[in-house]
Amino acid sequence: MPLPGPEGPVGRRSFLNWVLGTWAGGVLAAIGFPVIRYLTPPDVPESTTRFASGGQASTLLPNTFRIVPFGANPAIIVRQASGDLKAMSATCTHLSCTVQYRGDLGQIWCACHNGRYDLNGRNIAGPPPRPLESYDVSTRNDEIVISRRA
Amino acid sequence: MSALRDWIAERAPIAEIVEELEHKRVPQHRHDVFYYAGGVTLFFFVVQVVTGALLLMYYRPSAGEAYESVQFIMARVPFGWLIRSIHAWSANLMIGAAFVHLFSVLFLKSYRRPRELTWMSGVILLGLVLGFGFTGYLLPWNQLAFFATRVGTAIPSSTPVIGHGLMRLLRGGNDVTGGTLTRFFGVHVAILPGICTFLLAFHVLLVQRHGMSVPPAVAAASKASGRPVPSMPFLPDYMLRDLFGWTLAIGLVAALSAFLPWELGKKADLFAPAPAGIRPEWYFLWAFQTLKFVPARVLGLEGEFVASLAFGLGGAALFFLPLIDRNTETSRRIVTWLGAAALLYMIAMTALALRAGGGGPVP
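So the protein sequences, as listed, match chains D and B.
As numbered in this note's numbering, residues 595 to 744 make up the first sequence, in order.
As numbered in this note's numbering, residues 96 to 458 make up the second sequence, in order.
Incorrect hints may appear among the rest.
[To be verified] Computed cross-link-like contacts, SDA-like style, restricted to lysine to any residue with a CA-CA straight-line distance of at most 25 angstroms:
#1 B/Lys362 <-> D/Gly665
#2 B/Lys387 <-> D/Thr687
#3 B/Lys387 <-> D/Pro723
#4 B/Lys361 <-> D/Ile661
#5 B/Lys361 <-> D/Asn708
#6 B/Lys362 <-> D/Arg660
#7 B/Lys119 <-> B/Gly134
#8 D/Lys680 <-> B/Phe366
#9 B/Lys387 <-> D/Asp698
#10 B/Lys318 <-> B/Asn422
#11 B/Lys361 <-> D/Ser683
#12 B/Lys119 <-> B/Lys387
#13 B/Lys387 <-> D/Arg696
#14 B/Lys362 <-> D/Arg696
#15 B/Lys362 <-> B/Ala437
#16 B/Lys387 <-> B/Lys318
#17 B/Lys362 <-> D/Asp712
#18 B/Lys362 <-> D/Lys680
#19 B/Lys362 <-> B/Gly175
#20 B/Lys387 <-> D/Gly720
#21 B/Lys361 <-> D/Asp736
#22 B/Lys361 <-> D/Asn735
If you're looking for bench data, these hints aren't it; they were derived computationally from the structure.
For clarity, every value in this text was computed on a predicted model and none was experimentally measured.
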């Protein structure tokens with residue numbers, strides 16, 4: 595309660611409280627801001643990989659799959675029973691586990707939460723909210739090459 | 096010897112503390128066995144601090160060396176397998192004991208005035224303990240932990256606006272990498288222990304200050320009969336019983352570690368598919384199973400976000416329970432029923448997750 599005095603309506607006490615509060619707030623902000631900025635990792639730009647090798651084509655048997663690095667992320671290549679190759683991102687759009695191909699289902703399957711995709715990457719069952727990004731596949735002298743679609 | 100004792104007594108108030116503990120009394124009634132749950136949790140925490148410090152002597156927190164260093168501890172370091180198994184088993188038993196402590200305090204209504212802050216600090220401590228579990232799980236850098244961490248850190252990314260930033264803050268980058276391992280290591284061995292020690296001291300101080308709570312039914316019965324609730328001195332009677340319980344606890348940990356040593360699994364491979372049967376530690380299974388049932392989108396929001404929001408609201412309700420409960424006969428009964436429902440839900444979901452064998456195919 596401000597006492598009536600020569601200081602006027604503000605009062606010495608509330609003025610000092612204001613000064614102390616501002617001082618404490620300033621010190622905390624000066625410490626807190628750099629700490630929070632420090633904890634936020636710096637943005638390392640990802641190289642925009644356009645092509646990646648998918649390994650030997652002849653060793654990828656029908657109805658099996660292979661996971662290869664596509665830049666920093668995994669990609670899955672599936673050889674269908676018919677012999678056709680399909681490639682897509684292997685990172686599940688649900689909670690980013692790495693998917694696999696199940697020959698018995700003929701589908702892409704994520705072991706973490708039982709999400710399923712068809713061989714065009716479309717999310718067809720379970721929790722995944724979006725399709726997997728499909729890649730183009732070609733073969734050059736028995737080497738599979740996968741590439742991001744333009 | 097007595098001169099040394101006098102010298103210390105003049106400078107440190109040890110005698111006064113001992114005298115206070117001798118005067119402190121612990122009530123005895125048919126539910127009093129649950130008073131031990133908190134002490135046992137504390138005991139496992141001490142085991143974690145000791146074995147954790149020992150593991151630090153050999154563990155190396157980097158993606159290239161973490162798995163190999165744990166392998167070295169298990170295979171080459173004398174008694175290394177024992178220390179690591181005790182750390183892993185005691186962690187799980189600590190979380191189990193913490194849950195028993197939580198639910199017994201809830202059902203016995205020990206959170207009532209003036210113990211609101213004891214309860215609230217306890218709820219934060221439970222959160223910290225789960226944080227210890229989550230960060231520690233990744234440190235051996237094996238396949239199961241790698242994917243469990245990927246899933247666990249992806250869940251906050253469904254939050255609107257700040258989701259992506261939150262995920263990056265947790266992972267220390269866009270993906271779970273060696274950077275995440277280093278970050279989790281720092282949180283596990285420095286940040287969490289620091290906060291935990293401070294809060295634990297506060298929690299235990301409050302428990303000593305307020306003494307043990309007498310459940311409402313026991314207090315009412317004593318009032319009706321006119322007989323006071325029987326009690327025993329904290330020192331030495333109750334302390335000796337506590338020590339006996341801790342001896343049983345260390346025997347249990349030692350037996351589990353010797354006969355069922357904790358496995359290491361396969362080293363994390365960033366370019367391998369998530370293995371079938373993947374699942375988090377048992378105490379997260381109920382949440383994991385809930386996520387499997389939540390559809391991709393709920394009311395225009397991402398399913399994970401809706402589930403996390405529900406978990407968050409549940410956690411907030413738990414934290415503020417002493418302020419929400421008006422402490423009438425009816426409100427106490429509602430708390431009992433809600434607590435029982437939550438417990439049943441968690442048990443049922445855990446059982447479902449175990450039956451499905453983790454993430455295995457559902458026919």
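Here is how each hint holds up against the structure:
1. Our distance criterion of 25 angstroms between C-alpha atoms is met by lysine 362 of chain B and glycine 665 of chain D, whose separation comes to about 21 angstroms.
2. A C-alpha spacing of about 14 angstroms is found between lysine 387 of chain B and threonine 687 of chain D, which places the hinted pair at or below 25 angstroms, so the restraint holds.
3. With a C-alpha separation of about 13 angstroms, the suggested pair lysine 387 of chain B and proline 723 of chain D falls inside the 25 angstroms cut-off, and the hint holds.
4. Of the supplied pair hints, the one linking lysine 361 of chain B and isoleucine 661 of chain D holds, its CA atoms being roughly 17 angstroms apart against a limit of 25 angstroms.
5. Between the alpha carbons of lysine 361 of chain B and asparagine 708 of chain D the distance comes to roughly 22 angstroms, so the proposed pair stays at or under 25 angstroms and holds.
6. The suggested pairing of lysine 362 of chain B with arginine 660 of chain D holds, with an alpha-carbon distance near 19 angstroms, which does not exceed 25 angstroms.
7. As the CA atoms of lysine 119 of chain B and glycine 134 of chain B are separated by approximately 16 angstroms, the hinted pair is consistent with the 25 angstroms bound.
8. For the suggested pair lysine 680 of chain D and phenylalanine 366 of chain B, the alpha carbons sit about 18 angstroms apart, so the restraint of at most 25 angstroms is met.
9. Of the supplied pair hints, the one linking lysine 387 of chain B and aspartate 698 of chain D holds, its CA atoms being roughly 22 angstroms apart against a limit of 25 angstroms.
10. Distance restraint check for lysine 318 of chain B and asparagine 422 of chain B: the Cα-Cα separation of roughly 18 angstroms lies within the 25 angstroms cut-off, and the hinted pair is therefore satisfied.
11. At most 25 angstroms may separate the alpha-carbon atoms for a hinted pair to count; lysine 361 of chain B and serine 683 of chain D meet this at roughly 24 angstroms.
12. Taken as a hint, the lysine 119 of chain B and lysine 387 of chain B pair is broken in the structure, with Cα atoms around 49 angstroms apart against an allowance of 25 angstroms.
13. Between lysine 387 of chain B and arginine 696 of chain D, the direct Cα distance comes to roughly 19 angstroms. Compliance with the 25 angstroms bound is thereby established for this hinted pair.
14. At roughly 23 angstroms between alpha-carbon atoms, lysine 362 of chain B and arginine 696 of chain D fall within 25 angstroms of each other, so this suggested pair holds.
15. Of the pairs offered as hints, the one joining lysine 362 of chain B and alanine 437 of chain B is violated, with about 36 angstroms between alpha carbons and a cut-off of 25 angstroms exceeded.
16. Of the pairs offered as hints, the one joining lysine 387 of chain B and lysine 318 of chain B is violated, with about 50 angstroms between alpha carbons and a cut-off of 25 angstroms exceeded.
17. A distance of roughly 29 angstroms separates the Cα atoms of lysine 362 of chain B and aspartate 712 of chain D; the hinted pair therefore is violated under the 25 angstroms criterion.
18. This hinted pair does not check out: lysine 362 of chain B and lysine 680 of chain D have alpha carbons roughly 28 angstroms apart, beyond 25 angstroms.
19. Among the hinted pairs, lysine 362 of chain B with glycine 175 of chain B is consistent with the structure: their alpha-carbon atoms are about 19 angstroms apart, no more than 25 angstroms.
20. Under the criterion of a C-alpha separation no larger than 25 angstroms, the hint pairing lysine 387 of chain B with glycine 720 of chain D is consistent with the structure, at around 8 angstroms.
21. Of the supplied pair hints, the one linking lysine 361 of chain B and aspartate 736 of chain D is violated, its CA atoms being roughly 31 angstroms apart against a limit of 25 angstroms.
22. A distance of roughly 35 angstroms separates the Cα atoms of lysine 361 of chain B and asparagine 735 of chain D; the hinted pair therefore is violated under the 25 angstroms criterion.
Of the numbered hints given earlier, the model fails hints 12, 15, 16, 17, 18, 21, 22; all others are met.
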